[in-house]
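Note that the protein sequences, when read in sequence, are chains A and B. When we follow UniProt numbering, the leftmost residue of the first sequence carries the number 1, and every step to the right adds one. When we follow UniProt numbering, the leftmost residue of the second sequence carries the number 1, and every step to the right adds one.
Treat the hints as calculated values from the structure; they're not laboratory data. Among these hints, one or two may not hold up.
Claimed, not checked - Estimated spans, in silico, between C-beta atoms of each pair:
1. Pro107/B / Glu77/A: 14 to 24 Å
2. Ser73/A / Gly145/B: 43 to 53 Å
3. Glu66/B / Glu77/A: 48 to 58 Å
4. Ala158/B / Asp7/A: 17 to 27 Å
5. Trp104/A / Glu66/B: 39 to 49 Å
6. Ser64/A / Gln124/B: 23 to 33 Å
7. Glu66/B / Pro32/A: 48 to 58 Å
8. Trp114/A / Gly121/B: 38 to 48 Å
9. Gln124/B / Glu77/A: 36 to 46 Å
Claimed, not checked - Capping the alpha-carbon separation at 25 Å, the derived lysine-lysine pairs in PhoX-like fashion look like this:
10. Lys123/B / Lys31/A
11. Lys169/B / Lys123/A
12. Lys31/B / Lys3/A
13. Lys184/A / Lys123/B
14. Lys123/A / Lys184/B
15. Lys70/B / Lys169/B
16. Lys31/B / Lys169/B
To be verified - Derived list of chain B stretches under chain A, where covered just means 3 residues or more per stretch with a C-beta under 8 Å from a C-beta of chain A:
17. 37–47
18. 156–163
Every residue gets a Cβ at the ideal spot worked out from N, C-alpha and C, and that includes glycine.
2 protein chains.
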Amino acid sequence: MTKQFHDRSLSADALDQIFREARSYNGWLAKPVSDEQVHAIYELMKMGPTSANMQPARIVWVKSEEAKEKLASLAMEGNREKILTAPVTAIIGYDIDFHDELPWLFPHTDAKSWFEGDQEGRKQGAFRNSSLQGAYLMLAARALGLDCGPMSGFDNAAVDEAFFGDEPKHKSNFICSIGYGDPKSIFERSPRPDFDRFNRIA
Amino acid sequence: MTKQFHDRSLSADALDQIFREARSYNGWLAKPVSDEQVHAIYELMKMGPTSANMQPARIVWVKSEEAKEKLASLAMEGNREKILTAPVTAIIGYDIDFHDELPWLFPHTDAKSWFEGDQEGRKQGAFRNSSLQGAYLMLAARALGLDCGPMSGFDNAAVDEAFFGDEPKHKSNFICSIGYGDPKSIFERSPRPDFDRFNRIA
């Protein structure tokens, strides 16, 4: 029996931690992130929903100096220092041929056949659902007491070649540095829209 | 000064609530979701990071019987009953011309000019970032004691016409029912991958 939490809100502190006070950091304290922490992030994020449990995200966690230098060299100039100084930067990619894994990821029906011959639909599904998984990654990292700095300013094709070169169906979506954010590296928070601006109840 | 939560993990119960025990529901208890709850979800989700604070999500929260019937009629057969019986179903769309809002959403630089004349780049940015926002929506709803049932099986073009007809640059991404999940409507959880299957530390 699954646990339910109907009408139970997370504490104000927990909501602050993952949503209201969390910020995207541009600089990092000199404090490492362990492989155990990286694993813990994944153990949470993989529980988040994806369409037909497709789990299309393929992630390279860039931690070594050599890998950081390679990734930084393929990023926009404004992102290079962030990547070099972050304890770890996740390259969140996706597998266009995720459907090959569906026989074990979604075992109760033949979901693989839904996607065969539909490369355009697979690209869209992989991009949408790996983006969802990237969001789960960020909120999972925050939930564990870490900070994030997501970025899309890099050369996707060059990153694919450098980090997914042996898997031509794996493509990069976005990247996200993870560590202990330096409070001196952030500015005033950008404004957020009122409900009525971008929402409608029908 | 922003609050930081370095090395503070959310409680085991909170992690269960938003990640580990949460499920995608196929059926709903007969218990309504108020407009105040819908607003509360948005107040949390809008705090999540988007690229250049672009906030491309445009959301129609389908609550009336008439709107539910219209949306259900445009969904795959297996999703119709779910939409009709859910207290509310959010249509998470995005604005391809989100850059028109950047002068106030990202006021400290001329971010609008980065996107002008690049409709393909805007489409990709809007799709990626509205997907992130859809994930924030789901985790925000769970954090407030609600359950989710995301779906992508519907006729996007027909939903755009029916619900975003007066805004031709608004496109649907995916939909998500929200309410109090009926534990009888879920099956055994689909398997989740081990870290080494889809991850690599470089």
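Hints numbered earlier in the text: which of these fail when held up against the supplied structure?
4, 8, 9, 10, 13, 14, 16 and 18
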